[in-house]
Amino acid sequence: MNDVEGTIARIAAADDLPALDVVRVEALGKSGWVTGLLKTLGGMTPEERQLRGPEFQRVRARLTDAIAQRREQLEAAELERKLATERIDLSLPAPEHSRGTVHPISQVMEELAEIFADLGFAVAEGPEIESDWYNFTALNFPPGHPARAMHDTFYLQRTDADGLPYVLRTHTSPVQIRAMQERGAPLRVIAPGRVYRSDSDATHTPMFHQIEGLVIDRAIHLGHLKWTLETFLKAFFERDDIAIRLRPSYFPFTEPSAEVDVGWSLEKGRRVVGGQQGWMEVLGSGMVHPKVIAAAGLDPDQWQGFAFGTGVDRLAMLKYGMDDLRAFFDGDIRWLKHYGFSALAVPTLSMGVGA
Amino acid sequence: MKFTLAWLKDHLQTDASPQEIAEKLTAIGLEVESVSNPAESLAPFRVAEVLTAEKHPRADKLQVLSVNAGAEFNDGGPLQVVCGAPNARAGMKGVFGPPGAYVPGSAMTLKVAAIRGVESNGMMCSVRELQLGEEHDGIIELPAEAPVGQSFAAYAGLDDPLFDIAVTPNRPDCLGVRGIARDLAAAGVGTLVERPIAPVSGGFAQPLAIATEEDSGCEAFAGRLIRGVRNRPSPEWLQRRLTAVGLRPISALVDVTNFFSVDRARPLHVYDAAKLVGRIIARRGRAGERFLALNDKEYEVVSDDCVIADDRRVLGLGGVIGGADTGVGDGTADVLLECAWFDPASIGATGRRHGVGTDARARFERGVDPLAMGEMVEAATAMILELCGGEASDVTLATSSRWAAVTAERHVELRPARVNELAGLDLPLSEQHAILHRLGFAVEPGGIVPPGWRPDIDGEADLVEEIARIHGYDRVPSTPLPRDPGVTRPTATAAQRLERRLRRAAAASGLDEAITWSFVSEAEAAGFGDAQWTLANPLSEEMKVMRPSLLPGLLAAARRNLDRGAASVRLFEIGRRYLHDAERPTAAVLLVGEAGVRNWQAGKARPFTPFDAKAEALALLEAASAPVGNLQTFADAGPTWHPGRSATLRLGPKTVVAAFGELHPRLARQFDVPEGTTQAAEIYLEAIPAARATARGRPAFTPPALQPVSRDFAFLVPPELAAETLVRAVRGADKALITGARLFDRYQPEGGELSLAVEVTLQPVERTLTEAEIQAVSDRIVAAATKLGARLRS
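Residue numbers (our numbering), protein chains in the order written: chain Y, 1 to 355; chain H, 356 to 1149.
A hint or two may mislead.
Sample of chain Y residues with no beta-carbon within 10 Å of chain H, all distances over it, derived [stated by the list, open to error]:
#, residue
1, 60
2, 83
3, 162
4, 275
5, 319
The calculated lysine-lysine pairs, modelled on DSS-like cross-linking and capped at a C-alpha distance of 30 Å, are [stated by the list, open to error]:
#, chain 1, residue 1, chain 2, residue 2
6, Y, 337, Y, 319
7, Y, 337, H, 1009
8, Y, 319, Y, 268
9, H, 959, H, 1009
10, Y, 234, H, 379
11, H, 959, Y, 337
Footprint (simulated), chain Y over chain H, 3 or more residues, beta carbon under 8 Å [stated by the list, open to error]:
#, stretch
12, 379–387
13, 826–835
14, 888–897
15, 909–916
16, 948–957
Everything labelled a hint here was simulated from the structure, so no lab data went into it.
We treat Cβ as the ideally placed atom computed from N, Cα and C, and that holds for glycine.
Pulled out of the complex, with its shape left as it was, chain Y reads as follows (with noise of 0.2 Å):
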């Protein structure tokens, strides 16, 4: 028993896991003395076995407690040792990955549908290989239309069933025929795509990008376009001073007819949208014609309502500053990371649609 003291200094004295395992051998292993003392207890009277019993466990589990310690100790400072010879410089540069990005195109379009899927609108698709019908006549140009010549149509080689030659649409206007035709009424669609004029300037391409509205119902009036374009301009700036301003104007396709302007204001020296220091022309729009909705195979007499064309390519441009169009199609690496959008930054209602 006067070991105990003993044993314990000799364990606070392992210096390794080796010599602490050679102490636990000598008092708790088969022949150590502790073990020993423990099965002396066996030749011993009841009465002296509960009393040194309990004594001998004591003195084990002491041991036991110390050892493990010692050992919890010993390993620690042995992987302090192990980690210290580890080190890595850990300012060498990580892999790289490269960070894509989506087309300002692409990201305008998506706010634009999610901005008018809240107000109820689909999103609608046409060809952009049209026929002079669909293109033209059944949007009351017809052939000769003096209007026609408002449009620099590219023509295709090929003709169409009506033996015209084929057109690349060179407005979204088609996809309101096509949309009435295929869905019927009550209607409610915006048709965002591809678009062709032969025009090519500082601020012209001969590809661009529009968006159409199309709403057809029963009682739906011009009040209804303005306080639908203010809308849809409110969020798609994000901006409440937004001010509109509809002005008279002549598309086949409607009657009556506006083109929308919208209030600028310089701020730091650029123009953006919202306040009313000037006005800009940013939309056509109008009610749409009766000629049209009965073209599309509905009866003018039931249905009507308007419809709204811009550019998507200008709103980006409005919206996220961007000065040369020709830009957005050269695909130059380093405009599209400077302008282009985060594959997280999706548009959404709650998370805001603009990145």
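Position chain H relative to chain Y; hints supplied.
Positioned in the frame of chain Y, the structure of chain H alone reads:
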């Protein structure tokens, strides 16, 4: 359409400022593009008198003038001015530009300068220097009574704001000043001035035979001979009017026709009657007929053209352009005045066919007032008599059988509620009618009768627009669109969702989205399947055919990026291919250059390999929820690709969902991109099966209770055996137990056999597998591989 304020005031009595007029014009649909005042740019220029003119001591063609330009300059004392004009002389009055004045015609600012050693304190100006015309033979000469020191612009009546408005194709009447004035008056800016036209009685019978042929495109031709005229330059007021709106004064007779074109949107034509032979007829052109037009160009007419001809020849394209050799000139004594009406569609077609864009065409093509023919003949006659003298004949009017229909009274229904229903404006009927009345419409029991100058009005909606625009679009109340109850429902179609997911997935995997032209050159298209759609009128050879693939556009973009020093280009585009039968939605990926830059761990840069393209294709297909596990790889994707390093991915043997691999070296050379490291993929979105619509709930989660077992198999295989075939065979050896088979090693020693190693995962379901069971599966695996010519490596 250009007009000046003074011209407008001929028809509109108003005190409104130019700014107020401009705002109202825009508000009623006559969009003002600019309002300018020539007086502003000419403000510094003064009326001046040349006091003396001496020869320049050192230059033969120059003179040294002393000029009095009024009290403002040199306290009214003489100014020394060097002048090169031959007409500069003592005692004349002219226009003086002081130092500091900007000379618009020569785009320079005057300053005191020595000219050949003699100081000059300004300049005496020519017509061209002040942008008042083309003349530059000498300096402007003003009448002796012109007051020295006065603003030249004020003296010359140039202080007259010039409006330039965009007139939409539906408003032929607003190609005339009176039409614009009428609209302004209707909208409350002043009062329309009544300008009654008094008929001129004919002094003799019109001697020329005049006819219109049926279906010629000319429905009416009014002719009047005025004999004994003297065709001299127009009076100054008329010249000034025409010049101000950008027209060149020619002679009184021609200027009269141009005046009515601008004033009343009424084109007229004048012929020198002495040059006409026999009968004047409006008819269709005949093969081989040609004429020299007033623009000095010769036109060969076709049978769809409406021409005016005499017995000998074509005189001109009716309503489009007249002929040179029957035009009026200095010696014209007898003039035939033509006031005709042409079918707008025929005019437009002829104008487009011959590429002639005259003021006459612009008006006839939109529709000239057929009811005003008589009035316009009288007004023009009166002005010719006033300016040129002479005596007028009776009027001969030749018409076609259609003329009655053209001039028939039109009635358009207007239900009183429609203005509110369509425009959202609640206006009393009296106000609706008042607006229409001010615009010249008549309200009759049978409906609204549009005036002759409004051929565009053919339906109720047109009347609603008239009422709404004059009342003011700004007064239309903004009205919320009715909204369905409940939360907004999704609107995107399956195809739209697919594109949106692909786009985000591609950007997330490090690709930049490009949008490239839909048209490419024929040469660029050639390597990607034949272009099926060729533009008839391309802007250039570079943009001639609709792309059969997205790759040429991306390759050209990659080339531009490499030229700018990019080491690695990862682009994608989602757009359409234009095939013979349809426009096919497609996603394309292009990888050029370095896949990984050189770095401290891996060493040198790693170029893109076909497997990078495969990885992108599979990632995108996975994002598209395509059954990627069922895809099969078929070698050789076609002539676009390197024959040994490309493949298609198919679902079943026929449905090709993607092609990928290394670009064919021939195309790499053509597009000047690196051979061997240019990798691409095209995914055909329509080939991706639509995800089956299922309930949102997923099946219960039932993880296997037992641990899976993994075993490796290495096979020696025939060199042509595709790894995918081996893995598929292994995978299929026991459909119940084998849940995975993955190729993890490929080894072929120099000259030795190809070895492929597959890791197979076995998933016991009910109880732990015994060694015997594992052996049985292994045997089946080996047997399946053996069928492909493989044998287990010992």
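Nearest-CB test (10 Å) between chain H and residue 83(Y):
holds, 22 Å
Is residue 162(Y) truly not at the interface, in the sense that its beta carbon sits beyond 10 Å from all beta carbons of chain H?
holds, 16 Å
Count the residues of the stretch 888–897 of chain H whose Cβ falls closer than 8 Å to any Cβ of chain Y, and tell me whether that reaches three.
holds (count 7)
Would you say the stretch 826–835 of chain H counts as covered by chain Y, given the rule of at least 3 residues with C-beta under 8 Å?
n = 7 at 8 Å, threshold three: holds.
Proposed proximity, residue 1009(H) with residue 337(Y) (alpha carbon, max 30 Å):
violated, 38 Å
Please work out if residue 319(Y) and residue 268(Y) have their alpha carbons no farther apart than 30 Å.
holds, 15 Å
Count the residues of the stretch 379–387 of chain H whose Cβ falls closer than 8 Å to any Cβ of chain Y, and tell me whether that reaches three.
holds (count 5)
Could you grab the alpha-carbon distance between residue 337(Y) and residue 319(Y) and see if it respects the 30 Å cut-off?
Holds: residue 337(Y) and residue 319(Y) sit about 17 Å apart, inside 30 Å.
Measuring Cβ to Cβ, find out whether residue 275(Y) lies farther than 10 Å from everything in chain H.
holds, 17 Å
Proximity test - 8 Å, beta-carbon atoms, the stretch 948–957 of chain H to chain Y, at least three hits
holds (count 5)
Counting residues of the stretch 909–916 of chain H that have a beta-carbon nearer than 8 Å to any beta-carbon of chain Y, does the count reach 3?
Contact hint for the stretch 909–916 of chain H vs chain Y: holds, 6 residues under 8 Å.
30 Å limit on alpha-carbon distance, applied to hinted pair residue 959(H) and residue 1009(H):
Roughly 41 Å between the alpha carbons, so the hint for residue 959(H) and residue 1009(H) is violated.
The structure shown violates the earlier hints numbered 7 and 9.
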